Every structure is written in C-alpha cells, then in structure tokens.
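Participant: Protein chains in written order, with this note's numbering: chain A, 1 to 479; chain B, 1 to 460.
Hints may be right or wrong, so weigh each one.
Stated by the list, open to error - Here are the simulated DMTMM-like pairs of lysine to aspartate or glutamate, each with C-alpha atoms no more than 25 Å apart in a straight line:
#: 1; chain 1: A; residue 1: Lys-134; chain 2: B; residue 2: Glu-330
#: 2; chain 1: B; residue 1: Lys-332; chain 2: A; residue 2: Asp-35
#: 3; chain 1: B; residue 1: Lys-278; chain 2: A; residue 2: Asp-227
#: 4; chain 1: B; residue 1: Lys-199; chain 2: B; residue 2: Asp-439
Unchecked claim - In silico contact screen, one side only, chain B against chain A (beta carbon under 8 Å); selected entries:
#: 5; residue: Phe-119
#: 6; residue: Arg-390
#: 7; residue: Tyr-458
Don't read these hints as lab results, they were simulated from the structure. Bear in mind the structure is a predicted one, so any value in this text is a computation, not a measurement. Every residue gets a Cβ at the ideal spot worked out from N, C-alpha and C, and that includes glycine.
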Amino acid sequence: MFKFLSDVVTNATVSADWIGIRAVKDIARACAIRDAHPERNTQQFDQGAMVEVLAQGQFGYSATNNLSAASLAAAIVSAYEQAIAASQWAVHRFTTEVRPKATGSYVSPHRKGLGALSPAELNQILLQVCDRLKVSDKIAQTTASARSHDIETWFVSSNGSEIYQRDYLIETHFGTIAQDGPITQLRTDHGYLAQSYQGGWELFPGLDLWQRVQQVGEQALELLRADNCPDLATTLVLAPDQMMLQIHESIGHPLELDRILGDERNYAGGSFIKLEDFGSLAYGSGLMNVTFDPTVPGELASYGFDDVGTPAKREYLIRGGQLERGLGGLESQQRSHVPGVANSRASTWNRPAIDRMANINLEPGDRSFDQMIANVEHGIYMETNRSWSIDDQRHKFQFGCEYAKLIENGQLTRTLKNPNYRSITPQFWHSLSQVGDRSTWEMYGTPFCGKGEPNQLIRVGHGSPVCAFDNIEVFGGAV
Amino acid sequence: MTMAVADNIAGTTPIKENVFGQLADAIAQTLTSQGLSVSTHFTLTVSGENSQFTRFNRARVRQTGQVDDGTLTLTVMQSERTASGTVPFIGEFDTDWPRLKTTLAELQTLVPQLPVDPFVVLPTGSATSRTVNHGEILAADAIATTLLSPVHTLDFTGIYAGGLIFRGYADSAGQRHWFESTSYSLDFSLFDAQNRAVKGTVAGNQWQQLHFLDKINQAKHQLAMMARPAKTIDRGQYRTYLAPAAVAELLHMFSWGGVGEADLQQGNSAFGLLRQGKRQLSPKFTLQENFDQANTPRFNTYGEVAPLQLPIILKGQLVNSLVSSRSAKEYKTQSNYASRREHLRAPEVLTGTVASDQVLARLERGLYLSNLHYLNWSDHPNGRVTGMTRYACFWVENGEIVAPIENLRFDESLYHCFGEGLVDLTDFQETVPTIDTYDRRGLGDSRVPGILANDFTYTL
Numbered sequence: 001m002f003k004f005l006s007d008v009v010t011n012a013t014v015s016a017d018w019i020g021i022r023a024v025k026d027i028a029r030a031c032a033i034r035d036a037h038p039e040r041n042t043q044q045f046d047q048g049a050m051v052e053v054l055a056q057g058q059f060g061y062s063a064t065n066n067l068s069a070a071s072l073a074a075a076i077v078s079a080y081e082q083a084i085a086a087s088q089w090a091v092h093r094f095t096t097e098v099r100p101k102a103t104g105s106y107v108s109p110h111r112k113g114l115g116a117l118s119p120a121e122l123n124q125i126l127l128q129v130c131d132r133l134k135v136s137d138k139i140a141q142t143t144a145s146a147r148s149h150d151i152e153t154w155f156v157s158s159n160g161s162e163i164y165q166r167d168y169l170i171e172t173h174f175g176t177i178a179q180d181g182p183i184t185q186l187r188t189d190h191g192y193l194a195q196s197y198q199g200g201w202e203l204f205p206g207l208d209l210w211q212r213v214q215q216v217g218e219q220a221l222e223l224l225r226a227d228n229c230p231d232l233a234t235t236l237v238l239a240p241d242q243m244m245l246q247i248h249e250s251i252g253h254p255l256e257l258d259r260i261l262g263d264e265r266n267y268a269g270g271s272f273i274k275l276e277d278f279g280s281l282a283y284g285s286g287l288m289n290v291t292f293d294p295t296v297p298g299e300l301a302s303y304g305f306d307d308v309g310t311p312a313k314r315e316y317l318i319r320g321g322q323l324e325r326g327l328g329g330l331e332s333q334q335r336s337h338v339p340g341v342a343n344s345r346a347s348t349w350n351r352p353a354i355d356r357m358a359n360i361n362l363e364p365g366d367r368s369f370d371q372m373i374a375n376v377e378h379g380i381y382m383e384t385n386r387s388w389s390i391d392d393q394r395h396k397f398q399f400g401c402e403y404a405k406l407i408e409n410g411q412l413t414r415t416l417k418n419p420n421y422r423s424i425t426p427q428f429w430h431s432l433s434q435v436g437d438r439s440t441w442e443m444y445g446t447p448f449c450g451k452g453e454p455n456q457l458i459r460v461g462h463g464s465p466v467c468a469f470d471n472i473e474v475f476g477g478a479v
Numbered sequence: 001m002t003m004a005v006a007d008n009i010a011g012t013t014p015i016k017e018n019v020f021g022q023l024a025d026a027i028a029q030t031l032t033s034q035g036l037s038v039s040t041h042f043t044l045t046v047s048g049e050n051s052q053f054t055r056f057n058r059a060r061v062r063q064t065g066q067v068d069d070g071t072l073t074l075t076v077m078q079s080e081r082t083a084s085g086t087v088p089f090i091g092e093f094d095t096d097w098p099r100l101k102t103t104l105a106e107l108q109t110l111v112p113q114l115p116v117d118p119f120v121v122l123p124t125g126s127a128t129s130r131t132v133n134h135g136e137i138l139a140a141d142a143i144a145t146t147l148l149s150p151v152h153t154l155d156f157t158g159i160y161a162g163g164l165i166f167r168g169y170a171d172s173a174g175q176r177h178w179f180e181s182t183s184y185s186l187d188f189s190l191f192d193a194q195n196r197a198v199k200g201t202v203a204g205n206q207w208q209q210l211h212f213l214d215k216i217n218q219a220k221h222q223l224a225m226m227a228r229p230a231k232t233i234d235r236g237q238y239r240t241y242l243a244p245a246a247v248a249e250l251l252h253m254f255s256w257g258g259v260g261e262a263d264l265q266q267g268n269s270a271f272g273l274l275r276q277g278k279r280q281l282s283p284k285f286t287l288q289e290n291f292d293q294a295n296t297p298r299f300n301t302y303g304e305v306a307p308l309q310l311p312i313i314l315k316g317q318l319v320n321s322l323v324s325s326r327s328a329k330e331y332k333t334q335s336n337y338a339s340r341r342e343h344l345r346a347p348e349v350l351t352g353t354v355a356s357d358q359v360l361a362r363l364e365r366g367l368y369l370s371n372l373h374y375l376n377w378s379d380h381p382n383g384r385v386t387g388m389t390r391y392a393c394f395w396v397e398n399g400e401i402v403a404p405i406e407n408l409r410f411d412e413s414l415y416h417c418f419g420e421g422l423v424d425l426t427d428f429q430e431t432v433p434t435i436d437t438y439d440r441r442g443l444g445d446s447r448v449p450g451i452l453a454n455d456f457t458y459t460l
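Required output: the full structure, derived from the provided sequences and hints.
Facilitator: Written out as structure tokens, the structure reads:
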C-alpha cells in the first residue's frame, strides 16, 4: 500500500507545497439483541482516502472511496484546485511545518484477534445477557450489543512520511428499563457503549460479566422503589463512569484550541477559555491533575501518531489546578502560539483532521473510596451518565445520572433515583475537595464525541478516580 | 459568480442509478442460479453523495474540500433469520459487483448460524418511485469569493455544504426506488466584538444570491440589536416566545425516545404518559408527518412508501405513533411505513393565530428566544428537557425588545410548553432545513411555527 500511495504522490502533476494521502480501511461487525431477539447483525467494509494538498498557504482536500490510481490522481488535482480557489481567503497562511516528516507504526495491544469470537457465539452470549437481565416481570426492556472494528490507516506524504496504524476496537453495552405503572427507570453497564476499549475479544466476555449483568438488573428494580434525589446544595461524589462525561464536557472541549480560535463557533461553540489563560489560569482546585495521554494501553483513543503524523505523547493539560497546555494540533499551535498536543484527528477517511480529544484522564489522588465517603457528613453519590447538556462556551452545565446513593454521616445509605446536578465549570472544578486513589480509578470510552463542520463523530477515552465536590446543586425528577 | 454542478451531476447520476439497478439484478440472478430465489430474500440500499464542504471563520476559509462517497447495504433474509453487509459504492459495476458478490456469499454463510428473528420484515409489494430534484448551485471555485465578498468586514463563521445526494432501494420482490437531489445549505453565524452572535441559514436547490444577501442583512440588523447592554435574567419562570428554529430543536426530541411505537412499547418514551392518558398536551398543538414538498425520500429501508401525510398528535391527542413494519409485527399492530428507527422524517407543526407583527405584543413581557442549543432529556418519562438559549435571545417588556440576555439554561417539560403552558402558535411556519453532516449530508426539513408559552422554566 505504501508504494502504491507514494507513487501516486510522486506522480502528481500539480505544483503543490505539500501533498498527503491518508488511506483508511475499516472492517466492522456489530450485533445487537433486544428482549431475547436479534435486532441487528451487520458487517461493514469501508475504505477510502483523504487527499490533502497545501498550496499558496491554504490546504484543500478531496476524499474518495475509489482507490484506483487514476481516482487518487484526480483527487490530488481537485484538492489543489480547492486550495488555490480559497487561498486569497485563507484564515492563516500555513507552512509545511504543520506537516513534518514522520515514519513509524502502531498496533493496538490485543491477545485475541477479532475473529476469535464468531457472530453465532456472540449472539448466544448477548442473548444470555438479555435473559439474565430480566430479573423480574417489571423489566420492560433488555438490550445487549457488541461491535468490533479493525481499522488500518496508511499515511504518506510528499516530504517522506510513512505511517501505518492498526486499531483493534471492542465496544460493548447492555442495559435494561424497569417499569412499574407510570414509573420507568434505566440502568446500564456504565452508560451507552462506555465499555469501549482497544483490544481483541479477550475483553469480552470478561470474568465479571455475569455479576455485572445481575447487578444492573437488580439496580433497575431498586430504582423503581427509590426516592427521588432531593433538591439541595450538598457534597457531590461522582463515580468514574460519570467523571468520564464531566471531564469530557467541562475540561476536554473548553481546552480545544480550534474552539478558542473560533473555528467551532457556528456549531459546537467556543470556549470560556482565552488563549492568554494558558500558563496562568487556575482552572480548578490544586487536587486537579489532567493529562492528554494517547499512550495508555487499551484506552479507546490511543495511537502512535495523530492523523497528520504528529507522534503521540503524554502531556499535562492541568497540573495542580493550573492550566498549562491546550488541545490543539500543529495547525492550531501555529495559529495560536499556544503549546498543544498531537490531536489532529479525523473520524475516518472522508473528513479532514481537526483538534480533538484523545484520551483525557484525571490522575489519581490519595484517598480510598471508603475514606472519601467517611469524610462526607451529607452528600449524594452518583453513578453512570444518562443526560448531558452544556452551553456553547462550556460554562453552564446540567448532567443527570442513572443511580445514586444518599451519604449520611460518612456512610452510603438510601438509593435515590433521577439524580441530576448543575453548576458552572470554573466554580465546579474549584470545588473539587477529594480525589480518589488508584484503586478507585477506572477507564471508559465513547465512540460518540461529535464536533466539526462537516460533522465528525470520534472515539475518545477517559480515565478517572472517584471525585468529591463541595456545595453542588443537585435535584431529582418529577415525583 | 459561477453556477454549476447540476450539469455535471446530470451526466453522472444516471450512471450511478443504472449501476445500482444492475447490482440488484445481479444479486437476483445469483440467487436464481443457486435455486434460492424463493427461499432467500434480499434488500439492497445505496446512500451516497458528491459534496463540497467549505468552512469559514472570521470571513476567511478555514478548510475546504470535497467528498465523493457511497455505500451499498445488502440485507439477506432466509428462514426467519437475517444479516446485513455494507460495502463501498463506486458507481462502476466491475468494481462494485465483486465486493457485493463476496458479501452476498458471506451473508449466506452467516445467516443460518444466527438466532431466529421473529420480527424480520420480508420485502413484499411492487412499489416503485423515482424522484430527481436538480438545481443550480455554486461551483466549487466560486464559493469562497461569492460568499465572503459581501461579508468580508464581518465576523462571519459557518459552513457551506452542497452537491449531490442520492438514495436508492431495490429488493427481491422487484421494488425499486431512486431519489437524488442537488442541494446546498449555508449555515452561518455573525459575531460582534463582544462575542455576541446571531444565526442564519439558507438552503435549497437553487442558489439565490439576493436571498443570501437578504439573510445577511437580517442577521446584521439582529446583531445590531445585540449591541445593547445584556440583561441578566434571574432563574425562574417567564412567558416565552420560541421562534421556529428554537421550536425545531424541541421537535428533535420527539424523535429521540418520543413518538416511535417501539419506544412507547418498551418504556423508553416521553409520551408514554400521554398514551396512558396520565398527561395531556394542548388542543392547540398538532404535529404531523408531511412529505409534500419535503426534500427527503418517502421510501424507507423496507422499500415502503410513507403516506403523504400522517397525523401524529392531533389537537393534543396522540392519534398515531410512528410504526415500522418490524414494530407492527412485534406488537401486532398496523404499520404506517415509518423508518426502522421510527423517527420523524418530514415533521410539520400546524400554525396558530399569532401574526408575525404581533409576536412581541402578544409576548408583552418575557423572553424572545431565537435558538436553543444542546438539548437532552432531564426527566425522560415526564418529558422534561434541558438545554441552553443561544444566539439572538432578548428580554421583552411592553411588547418591545429591551435588551439581549446572557445565555440561560432551561429545564422544562414538553407537557408544559406544548400542553397547559402553550398560549398560541404563530400563523406562519418556517422551513428549518436538516443541515447535519454526520457520516454524510442529511436530508429533509421541519416546517414549524413559533410558539408562545407561559411560565417557561429557567434554572441557571
């Protein structure tokens, strides 16, 4: 593939400053079961190439699913023409420094291949999951699904880049809706497809699968009988499967340099963070240490290089509460003069790379879960995201969870349903009062981070310990 | 300004349509040659585009390019079992058929190993349709100059997306459908120096420069109103006017755990209480599917053609859910040929009595919301939705705009704003185009009026 793509670039007829081709092949399988019947059994073969050309300081692109040499050669011409037509209106005169030469490879860690579990076997496991979720007649719906992806990427360029990456991905989900008259309650395995990782079928079914299935079914019933979360300001303790969302929405997105530079203002929005805040702003409490880390084995958005060839590297975004670095690739770094990371990423071959999160993790603190709860006189402990909404500057947010426990005098007591909380990002992170230790740290992922024009859904990973926040407004649902 | 594309597309799409038909015929012939044409059923769909995307920031080009993409999805059904496979669609039979033939063979091997699916929908009927909407849109090399010259002094940001979109359907029963449309959308925002913004959208099959300039002028006028000092609104309940674009955002929630039959049956709907008679909506509120003049196919992935109009909520009563043939089979009810996902494809909310020049007077005192942002259920079974105000939103007193507002978070039930809190709707509708581009450019639009509601709840 490298020789084929390199020959296409070498034989290009346009006088561009730089030409690159990123070819992607994605082989995917998905299976979904609902209420003991198959909902979906699919396989997908997708391939195509993103051709990018830099001319007169402007990038143009042309993406095609026709990988013949003639089609790619035509795409180079088209991308060149796009660049020339827009060059007099360029938002920034880019140089080839934003596409340095890079070579190397990356393969997801895995012990079993993606053929290790046949579709028939997978269907049987998921049928069994649905069967075991139905712990009562009050279980109105059971769902279980699994997806695998084998994604190969080849990146070549006119300045000699040659990068090969292969991602093996497993994404699984199960959940149930319990119903008693007008009351319905959802309980899932840490949120929709939150169990998304890099690896092979060694990840599923895991050793604790059946225990988790049983617990999800029983907790759905438990929620039917639970009181509503009260309306008050109190200590809020968040489990890692909610911290994932909290980190994503109120740290990841506001730190994206393209949002701060204005590219996203018409769609996803801007940010309350300004370029001059990097290096000077106290983002949150001193307990807050946040890393951009695409090198964590098995985390969903790990890679060796981003989609323009920047080598992946772990970097602190926030250290001791202080904002150090933005989430911006080489283009945003050249435009903003703010230190960034290797995060120019595209959802697949038919979208250009933009600034994205990869793995954004909150580093562990020094408290065990029991110690944290013991320190809370009154509070609410919440698990598993079910609702999320935040403003276009990533300031005012309201998030909801599936399951909660009241904390009274240092102990978890009654179960609560419909737990929600709302706050404003800087106030919230400054109220961080306890950070759990490594024993509380868990890692999840999502394939559904949406952003960009044209829109792109991309995979991100988030790891976090349990965290506690003081004086947060919590509330419940209708009685 | 150069108008183009239509001529190019007119030359290439018959080829794509023909190749798609040849591929469907080839599958049928293969099954016949295997002696399986009676026992094995199939559907074949195609979805593709040849699109231009140009992205703007500060009246400059941030990214520009084009995407030529297409996929074929083959679904094989035999002995109450089914599976699907998707492969690229190039539009060249010699390239596409070998991949599709391989997929057919793989699915034929896979399907017998799968569990029985009692609700599998076999293709039946003899429906055929062909819809072609070509127009004149901007040529790729004219986009930057045409759009940016009139706005080069403004902080203009957004995206132009335009070109060909096509969808096709064929099955073993002989049904055939084809839909293609040359269209564009320009979704933009204008910002002022204080980062306050207004939103505008133009879309259609014909680029109309004067219409674009008119939209820009409207946005500039609105932005000038945003220059007044912003008013901070305390949390609480306020009489509120939601402009059509804001209503369209609320309408999206009806397709997400809303009016689909499967969601209603499985306890996953905000309108379960409406069906059970435990909550009510206003008799002033009527929602229907209306495919008349909608820029989206009427056929679904089962090859069924939806009725031209279908009332969903009629004067506050849930008279129809969206029922796919799969749900019809499972829940032993009648299909109304909804999509597999049972989402609204051509929603229309009927009008009320508030004239455009009476909106502020009827609001009298409260909030005027042009747009909403980032909606999500906060209490799904009770229809409660949270989200943010965005863009041109104002505080109104004595029937006049007093000041723009700082963005507010709302948290309100659809049972309130379309129920007891609904005062009236406007006597006009606006067509709000689908502009999303996840995976590929979307199709369709919503036809919605503005609504006037009492005691709309703001929480942060």
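Participant: Hint by hint, note whether the structure agrees.
Facilitator: Status of each hint after checking the structure:
1. Lys-134/A <-> Glu-330/B: 19 Å, holds
2. Lys-332/B <-> Asp-35/A: It holds: about 16 Å lies between the C-alpha atoms, which stays within 25 Å.
3. Lys-278/B <-> Asp-227/A: Given that 25 Å is the threshold and the Cα spacing comes to 21 Å, the pair holds.
4. Lys-199/B <-> Asp-439/B: 24 Å, holds
5. Phe-119: Status holds, d = 7 Å.
6. Arg-390: At about 6 Å, which falls below the 8 Å cut-off, the nearest Cβ of chain A leaves the hint on Arg-390/B intact, so it holds.
7. Tyr-458: Nearest chain A Cβ about 11 Å off; hint violated.
Taken one by one, the earlier hints fail for this structure only at number 7.
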